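J.: Sequence:
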Amino acid sequence: MERPRPGLAVQHPNLQRGPAESRRRHRPAPHPDPPAPIPDLSGPRPTPRLHPSHHPPKATPDPNPPPHPPLPQPP
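30 is the number of the first residue of the sequence shown in our numbering; add one for each residue after it.
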């Protein structure tokens with residue numbers, strides 16, 4: 030007759046629990062309040078207030094750029 034190997038008789042404590050108890054422990058808790066309603070996005074959107082340092086003023090392109098000098102032609 031074979032001797033039982035040491036270590037097999039000792040079960041991890043989590044494995045000795047019955048299926049009902051493990052189901053009861055892992056059921057997620059109900060949400061305390063219903064989720065917030067989705068805001069109506071069809072109206073005009075408010076302009077976000079941004080700090081001026083985050084967005085430097087864009088440089089407006091020159092309406093009359095100086096003409097480019099003619100390219101030197103090879104002889």
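Just so you know, these hints were derived from the structure itself, not from any lab.
Nothing here was measured: the structure is a model prediction, and the numbers come from that model.
Glycine included, every Cβ here is placed at the ideal spot set by N, Cα and C.
Hints may be right or wrong, so weigh each one.
Derived CB-CB ranges, DEER-like [claimed, not checked]: (1) PRO63 - PRO94: 54 to 62 Å; (2) PRO94 - LEU70: 35 to 43 Å; (3) ARG74 - GLN102: 52 to 60 Å; (4) ALA65 - PRO96: 44 to 52 Å; (5) PRO92 - ASP69: 37 to 45 Å; (6) PRO73 - ASN93: 48 to 56 Å; (7) PRO73 - PRO94: 32 to 40 Å; (8) HIS97 - PRO66: 56 to 64 Å; (9) ASN93 - ASP69: 43 to 51 Å; (10) PRO73 - PRO95: 51 to 59 Å.
J.: Are the hints correct? Go through all of them and say.
T.: Hints and how they fare:
1. PRO63 - PRO94: 54 to 62 Å: holds, 60 Å
2. PRO94 - LEU70: 35 to 43 Å: Because 42 Å falls inside the window, the suggested range holds.
3. ARG74 - GLN102: 52 to 60 Å: Since the Cβ atoms of ARG74 and GLN102 sit about 55 Å apart, the hinted range of 52 to 60 Å holds.
4. ALA65 - PRO96: 44 to 52 Å: This hint is violated: roughly 60 Å between Cβ atoms.
5. PRO92 - ASP69: 37 to 45 Å: Holds, at about 42 Å.
6. PRO73 - ASN93: 48 to 56 Å: About 37 Å separates the Cβ atoms of PRO73 and ASN93, which means 48 to 56 Å is violated.
7. PRO73 - PRO94: 32 to 40 Å: This hint holds: roughly 37 Å between Cβ atoms.
8. HIS97 - PRO66: 56 to 64 Å: holds, 59 Å
9. ASN93 - ASP69: 43 to 51 Å: holds, 47 Å
10. PRO73 - PRO95: 51 to 59 Å: Violated, since PRO73 and PRO95 (Cβ atoms, about 42 Å apart) do not stay within the stated range.
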